[in-house]
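> The residues making up each chain are set out below.
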Amino acid sequence: MNANHPASVTGQVVKPRFSASADWIGLAVILAASVVGNLLFPNNLALLTRVIGIVMLVLSVDLVTGFCGVATLGHAALFGAGAYAAGIAAAHFGISDPFAMIAAGAVGGAVAGLISGLVVLRSHGLGQLVLSIAIVNLFHEAANKATSWTGGSDGLTDIAPSPLFGVFGFDLWGRTAYVLGIALLVIVFFLLQRLSRSPFGMLCRGIRQDPIRVAAMGASVKKTLLKMYIISGAVAGVGGGLNAISTQVVGLDSLSFTLSAQALVMLVLGGTGSLYGAIIGTVVFMLFEDFVSAANPFHWLTIMGALLVAVVLFAPRGIFGTSAQLFDQWRRR
Amino acid sequence: MNAVFEVERLNKTFGGLAVTQAVSLTMAPGDRVALIGPNGAGKTTFVNLVTGHLKPDSGVVSLAGEQLNGMNPMQRVQRGLVRSFQVTRLFPEMTPREHLALAVLQRQGRTGRLFGTFWSMPEVLEEIEALLRTLGLEGAADHKVAEIAYGQQRLLEIAFALALRPKVLLLDEPAAGVPQSETPRIESALAGLPADLAVLMIEHDMDLVFRFAQRVIVLAAGTIIFDGAPGEVTKDARVREAYLGSYADDRSAA
Ligand SMILES: Nc1ncnc2c1ncn2[C@@H]1O[C@H](COP(=O)(O)OP(=O)(O)O)[C@@H](O)[C@H]1O
Ligand SMILES: [Mg+2]
Chain A
1 MNANHPASVT
11 GQVVKPRFSA
21 SADWIGLAVI
31 LAASVVGNLL
41 FPNNLALLTR
51 VIGIVMLVLS
61 VDLVTGFCGV
71 ATLGHAALFG
81 AGAYAAGIAA
91 AHFGISDPFA
101 MIAAGAVGGA
111 VAGLISGLVV
121 LRSHGLGQLV
131 LSIAIVNLFH
141 EAANKATSWT
151 GGSDGLTDIA
161 PSPLFGVFGF
171 DLWGRTAYVL
181 GIALLVIVFF
191 LLQRLSRSPF
201 GMLCRGIRQD
211 PIRVAAMGAS
221 VKKTLLKMYI
231 ISGAVAGVGG
241 GLNAISTQVV
251 GLDSLSFTLS
261 AQALVMLVLG
271 GTGSLYGAII
281 GTVVFMLFED
291 FVSAANPFHW
301 LTIMGALLVA
311 VVLFAPRGIF
321 GTSAQLFDQW
331 RRR
Chain B
1001 MNAVFEVERL
1011 NKTFGGLAVT
1021 QAVSLTMAPG
1031 DRVALIGPNG
1041 AGKTTFVNLV
1051 TGHLKPDSGV
1061 VSLAGEQLNG
1071 MNPMQRVQRG
1081 LVRSFQVTRL
1091 FPEMTPREHL
1101 ALAVLQRQGR
1111 TGRLFGTFWS
1121 MPEVLEEIEA
1131 LLRTLGLEGA
1141 ADHKVAEIAY
1151 GQQRLLEIAF
1161 ALALRPKVLL
1171 LDEPAAGVPQ
1181 SETPRIESAL
1191 AGLPADLAVL
1201 MIEHDMDLVF
1211 RFAQRVIVLA
1221 AGTIIFDGAP
1231 GEVTKDARVR
1241 EAYLGSYADD
1251 RSAA
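Residue numbers (my numbering), protein chains in the order written: chain A, 1 to 333; chain B, 1001 to 1254.
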């Protein structure tokens, strides 16, 4: 077919819209922010490590919601499955190497992602939202009932991760867990950046923008979304595993509807569809929550609510999305 | 004649209304067929039936000798039956270059890849470049689709379909909504379609139909009332009757 074959190649070089240097800047900012975090909260590294774990959950929500357009209010099922998988590996199977526990978390999360995806993707729109809530509630109930494995409502304890590389113990100060968390975040961020530009990532963005068009070019919408659900589960599972290592306990709250809903709120706050938005939204939400709930324990929920309303009304693309848009407009002028 | 596309006695009713009645059609590689008919005649429904977006009540559709009945739209596209949409369906936040990359990668079975980008695949970039040049879209290549002119979006619809290297291409009103000043570009894009591709075009603009098609099929109330040379169609009594009253409306609406 003549029209499809290039007769000759133009010498002109076309440049991608993203640049490799921006990637490295992103990673550098993450590292710089973690050093600053360490300086600002030297006595509260546990909080920062928890933020990193939740960042993974919110990144995971972003993969299915921001990239693919599947709304979910049940993503803690994936995070909690990772936390319990890592915790059970340590408490019941004596797998206490932190990397092995993280791997268990990733696998547990991926399996939960597969199960969630199989159920949620049978429906569309609002139905997906309802099914995702049902899934997290079912997971929650299952963990609540299987007390011999999960400790039920008392939580899963006896999680004693062995020292990192056999040297750095997980002590009360939480420094080892924090460093492990940052390392994991950098790796996950790097991989997801690659993923978002890959052919698969493009296909997912296509599905969000027009699934019928994607089907009309011969691609399977459902298979693609299911694959993304599994990847998303692995990411959330790494976060859950990190949380299990850092706190050495896994509770039912890690599998809750509340956490699922909060994760979605954090994503909207930061801005959907970008990895930076997920990170910024989580950091702002959790530090703000920590700060406001300490300053005003009675009205912090009201203040959080007001913040969210303000963002949705005045910065509908979230903190990162709106800033990026303003920056873009300023640069074009 | 070696047929690449065969439709035999296709039927479809919507709640008692027969929208497609015993429609049969055979096309060979390189055919240029125009499907015309008054609004509501069942043209879009016909496309939806053969692409698998709707399920016919009866009838057989085959592509290159293989029966397509029972296959979903995706499987039909993979076998080479590709359509465009009457109202543009593109990804508003992607650029034309990204659209074509996606289509080329899909054809090559590479859209499942988790790493690498098309920017580092020279053969994909070359193919995109050639398509952009053929369709005259170089200038718009790196702008978001939401920001480019509608005429360019329609050209991109055609380029997107071509990137899938179909055997049969179904174009649903490729010039619909395009300002008069830009129709020549659509027309030259149509003239430049691969010579061995079988093309079925639905179109209201009769000037475009006469210049494009070697054969015209007229659909009225779900039935084929004419199938022949463009020169004969205006002389046909049944066609005139079908268009009486509605043809004037069509032209102003198109
Ligand atoms: N999904 C549907 N349900 C019921 N009736 C439909 C549906 N789609 C189309 N029709 C009817 O079928 C007839 C043919 O429609 P269509 O194929 O869109 O016509 P055309 O493309 O020739 O203008 C019209 O009367 C239309 O109202
Ligand atoms: Mg129509």
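Hints in this document: simulated from the structure, not taken from any laboratory.
Here the structure is a predicted model, which is why all the values come from computation and not from measurement.
Beta carbons are placed, not taken as given, at the ideal position from N, Cα and C, and that holds for glycine.
Watch out, some of these pointers could steer you wrong.
As the list claims (entries may be wrong) - Over the 10 Å line for every Cβ pair with chain A, so calculated as not near, a few chain B residues:
{"#": "1", "residue": "Glu-1008"}
{"#": "2", "residue": "Asn-1011"}
{"#": "3", "residue": "Thr-1013"}
{"#": "4", "residue": "Ala-1018"}
{"#": "5", "residue": "Gly-1070"}
{"#": "6", "residue": "Gln-1086"}
{"#": "7", "residue": "Glu-1098"}
{"#": "8", "residue": "Gln-1106"}
{"#": "9", "residue": "Thr-1111"}
{"#": "10", "residue": "Arg-1113"}
{"#": "11", "residue": "Thr-1117"}
{"#": "12", "residue": "Gly-1136"}
{"#": "13", "residue": "Gln-1180"}
{"#": "14", "residue": "His-1204"}
{"#": "15", "residue": "Ala-1220"}
{"#": "16", "residue": "Pro-1230"}
Said to hold, decoys possible - Heads up, simulated DSSO-like pairs for lysine-lysine below, C-alpha to C-alpha not over 27 Å straight-line:
{"#": "17", "chain 1": "B", "residue 1": "Lys-1235", "chain 2": "A", "residue 2": "Lys-223"}
{"#": "18", "chain 1": "A", "residue 1": "Lys-222", "chain 2": "B", "residue 2": "Lys-1144"}
{"#": "19", "chain 1": "A", "residue 1": "Lys-222", "chain 2": "B", "residue 2": "Lys-1055"}
{"#": "20", "chain 1": "B", "residue 1": "Lys-1055", "chain 2": "B", "residue 2": "Lys-1167"}
{"#": "21", "chain 1": "A", "residue 1": "Lys-222", "chain 2": "B", "residue 2": "Lys-1167"}
{"#": "22", "chain 1": "B", "residue 1": "Lys-1235", "chain 2": "A", "residue 2": "Lys-222"}
To be verified - A short, non-exhaustive set of chain B residues, derived as facing chain A with CB atoms under 10 Å:
{"#": "23", "residue": "Gly-1016"}
{"#": "24", "residue": "Leu-1017"}
{"#": "25", "residue": "Val-1019"}
> Work down the list of hints and note, for each, if the structure agrees.
Now the hints, each set against the structure:
Consistency note on Glu-1008 (chain B): stated as away from chain A, and its beta-carbon is indeed over 10 Å from all of that chain's, at 24 Å minimum. At roughly 24 Å from the closest C-beta of chain A, the C-beta of Asn-1011 (chain B) stays outside 10 Å, upholding its exclusion from the interface. No Cβ of chain A comes within 10 Å of the Cβ of Thr-1013 (chain B); the nearest lies about 24 Å off, and the non-interface call holds. Against the 10 Å criterion, Ala-1018 (chain B) stays outside the reach of chain A, whose nearest CB is about 26 Å from its own CB.
In this structure Gly-1070 (chain B) is separated from chain A by more than 10 Å, as the shortest Cβ-Cβ distance comes to about 16 Å. Here Gln-1086 (chain B) stays apart from chain A, with its beta-carbon at least about 13 Å from theirs, past the 10 Å limit. Annotated as non-interface, Glu-1098 (chain B) brings its C-beta within 10 Å of a C-beta of chain A; the closest such distance is 6 Å. Residue-level check failed: Gln-1106 (chain B) sits 5 Å from the nearest beta carbon of chain A, not beyond 10 Å.
Not every Cβ of chain A is farther than 10 Å from the Cβ of Thr-1111 (chain B); the closest lies at roughly 5 Å, contradicting the non-interface assignment. Under the 10 Å C-beta cut-off, the non-interface status given to Arg-1113 (chain B) relative to chain A is violated; the minimum distance is some 5 Å. The Cβ of Thr-1117 (chain B) sits about 5 Å from the closest Cβ of chain A, inside the 10 Å cut-off, so the non-interface label is violated. Here Gly-1136 (chain B) stays apart from chain A, with its beta-carbon at least about 12 Å from theirs, past the 10 Å limit.
Residue-level check passed: Gln-1180 (chain B) sits 25 Å from the nearest beta carbon of chain A, beyond 10 Å. Every CB of chain A lies more than 10 Å from the CB of His-1204 (chain B), the least distance being 22 Å, so the non-interface label holds. With 10 Å as the threshold on Cβ separation, the claim that Ala-1220 (chain B) sits away from chain A holds: the shortest Cβ distance comes to roughly 27 Å. Listed as a non-interface residue, Pro-1230 (chain B) keeps its Cβ farther than 10 Å from every Cβ of chain A; the least gap is roughly 24 Å.
As the CA atoms of Lys-1235 (chain B) and Lys-223 (chain A) are separated by approximately 52 Å, the hinted pair breaks the 27 Å bound. For the hint linking Lys-222 (chain A) to Lys-1144 (chain B), the alpha-carbon distance of about 26 Å falls within 27 Å, and the restraint holds. With a C-alpha separation of about 20 Å, the suggested pair Lys-222 (chain A) and Lys-1055 (chain B) falls inside the 27 Å cut-off, and the hint holds. Proposed proximity of Lys-1055 (chain B) and Lys-1167 (chain B) is supported: the alpha carbons are some 22 Å apart, at most 27 Å.
With a C-alpha separation of about 26 Å, the suggested pairing of Lys-222 (chain A) with Lys-1167 (chain B) holds against the 27 Å cut-off. Between Lys-1235 (chain B) and Lys-222 (chain A) the alpha-carbon distance is near 50 Å, which puts this suggested pair outside the 27 Å criterion. Hint status for Gly-1016 (chain B): violated, given a least beta-carbon distance of 27 Å to chain A, over 10 Å. Here the hint on Leu-1017 (chain B) is broken, as its CB sits about 24 Å from the closest CB of chain A, past 10 Å.
Taking 10 Å as the C-beta cut-off, the interface hint given for Val-1019 (chain B) is violated, the closest approach to chain A being about 20 Å.
Hint compliance for this structure: hints 7, 8, 9, 10, 11, 17, 22, 23, 24, 25 are not met, and every other hint is.
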